[in-house]
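J.: Sequence:
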Amino acid sequence: MNVAMASMIVPELLERGNYKRWSIFMKNYLVSQDLWVVTQRFLNPFGISKGEWRRKGAAALHAIQISCGAEKFNRIKNLYYAIEAWHELKRLNVKEKSKIDNSEEDKEKEEEEEEEEDDDDDDDDDDDDDDDDVETSKITVANTIVPELLESDNYERWSFYMKIYLVSQDLWDVVTLILPDSGLYTKEWIKKDASALHAIQISCGASKLREISSANSAKKAWNTLHQSAVKKECWRIDDDKRDIAACFPWPGLPPLSLSHPLIFAAMFWFLRSSRLAYISH
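The sequence shown begins at 646 in the working numbering and counts up by one.
Fair warning: there could be bad hints in the mix.
What the hints assert, rightly or not - No more than 25 Å apart at the CA atoms, straight line, and that leaves these computed lysine to aspartate or glutamate pairs for DMTMM-like:
| no. | residue 1 | residue 2 |
| --- | --- | --- |
| 1 | 742 | 815 |
| 2 | 744 | 660 |
| 3 | 864 | 818 |
| 4 | 672 | 815 |
| 5 | 735 | 660 |
| 6 | 808 | 856 |
| 7 | 832 | 801 |
| 8 | 740 | 729 |
| 9 | 722 | 660 |
| 10 | 672 | 660 |
| 11 | 808 | 796 |
| 12 | 695 | 729 |
| 13 | 877 | 815 |
| 14 | 672 | 741 |
| 15 | 864 | 793 |
| 16 | 695 | 716 |
| 17 | 836 | 697 |
| 18 | 722 | 679 |
| 19 | 722 | 741 |
| 20 | 742 | 856 |
| 21 | 740 | 798 |
| 22 | 876 | 801 |
| 23 | 808 | 818 |
| 24 | 832 | 679 |
| 25 | 808 | 729 |
| 26 | 865 | 815 |
| 27 | 665 | 716 |
| 28 | 836 | 815 |
| 29 | 665 | 796 |
| 30 | 672 | 833 |
| 31 | 865 | 801 |
| 32 | 876 | 798 |
No wet-lab data here; the hints were simulated from the structure.
Kindly generate the complete structure, drawing on both the sequences and the hints.
T.: Written out as C-alpha cells, the structure reads:
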C-alpha cells in the first residue's frame, strides 16, 4: 500500500486498508483544534454562537477532505457537514471489511491452488512485495515541527528538536507530568494533550509511528519512543565497552563504561554489603 503524506494533519492520507490508523490520527487533530464535537452532533448543544458553530463545521470538514486520498475524497466531496463526511467514511470502512470477510474463503482456496502450481514464482513475487513494502512505508519527509522525522537511528537529535517545539507551544507539561493536579484535567488539558500527541505522531517515520499507534496520550507516546531508543542503545556494544548511561532513563547521567572507577566502586560496595548481610544472618 502506498503511503501518502498529508501536510500537517495526518501522517498518511486515507486510502483502502488504513482507516483504523487514519481515524486515530484524525481524531487527535480534531480534538486538539476543538473541532471534534461537530463530527458527532448536527445541532449545537453547548450554547456556541451560530457563526462559531458554522466555522467549526467548515474547518473540520476541510481537514477531513484534504486528509483523504482521491478515491475517498470522491465519496464525500458533495457532503456539506463534517458529521456526514466522518460517518460516511466510517460506513465505507465497514462495507469494505464486510466484502473482505465474505470473500476470505474464496481467496484462501485460490491461494492454495496457486501455491501448488508455481511455488517458485510465488517466492519471487513475495520478495518483490517485501521490497515494495520497505520502499513505500519509509517516510523521511520533514515537516515544520522537526527538521527530520524520527527513524531508528536519530532519536537523540529528534527528541532535542521535539522538546524545543513542545516547550515553545506550552505543551511540554503534558509529556512530563505524571498526572495533572486536581482541577487541571479540564477541556484545556485534554486539548493540550491531543495537540502534543498529534505533533509527536506526525513527526515520526513509518516504523516509529507503528510503535505508538495505540498510545492514547502524549506522555505514553513519548515514553514508548524513549524506552525503545534506550533499549536499543543499552545493547549496543562498541569495542567491548558497554555504555552504561544508555541503559538508564535518567537525564544528565554521564557516559560510563564498565571500566569506569565509579562503576567499579559501586559494584564493590554492592558485593561487600551483600556479603555482610549474609554473614549477619
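J.: Indicate, hint by hint, whether the structure satisfies it.
T.: Taking the hints in turn, this is what the structure says about them:
no., hint, in the structure
1, 742 <-> 815, "41 Å, violated"
2, 744 <-> 660, "16 Å, holds"
3, 864 <-> 818, "9 Å, holds"
4, 672 <-> 815, "21 Å, holds"
5, 735 <-> 660, "12 Å, holds"
6, 808 <-> 856, "19 Å, holds"
7, 832 <-> 801, "32 Å, violated"
8, 740 <-> 729, "16 Å, holds"
9, 722 <-> 660, "15 Å, holds"
10, 672 <-> 660, "16 Å, holds"
11, 808 <-> 796, "16 Å, holds"
12, 695 <-> 729, "19 Å, holds"
13, 877 <-> 815, "30 Å, violated"
14, 672 <-> 741, "21 Å, holds"
15, 864 <-> 793, "21 Å, holds"
16, 695 <-> 716, "33 Å, violated"
17, 836 <-> 697, "18 Å, holds"
18, 722 <-> 679, "23 Å, holds"
19, 722 <-> 741, "19 Å, holds"
20, 742 <-> 856, "24 Å, holds"
21, 740 <-> 798, "40 Å, violated"
22, 876 <-> 801, "13 Å, holds"
23, 808 <-> 818, "11 Å, holds"
24, 832 <-> 679, "9 Å, holds"
25, 808 <-> 729, "37 Å, violated"
26, 865 <-> 815, "18 Å, holds"
27, 665 <-> 716, "17 Å, holds"
28, 836 <-> 815, "12 Å, holds"
29, 665 <-> 796, "22 Å, holds"
30, 672 <-> 833, "16 Å, holds"
31, 865 <-> 801, "18 Å, holds"
32, 876 <-> 798, "13 Å, holds"
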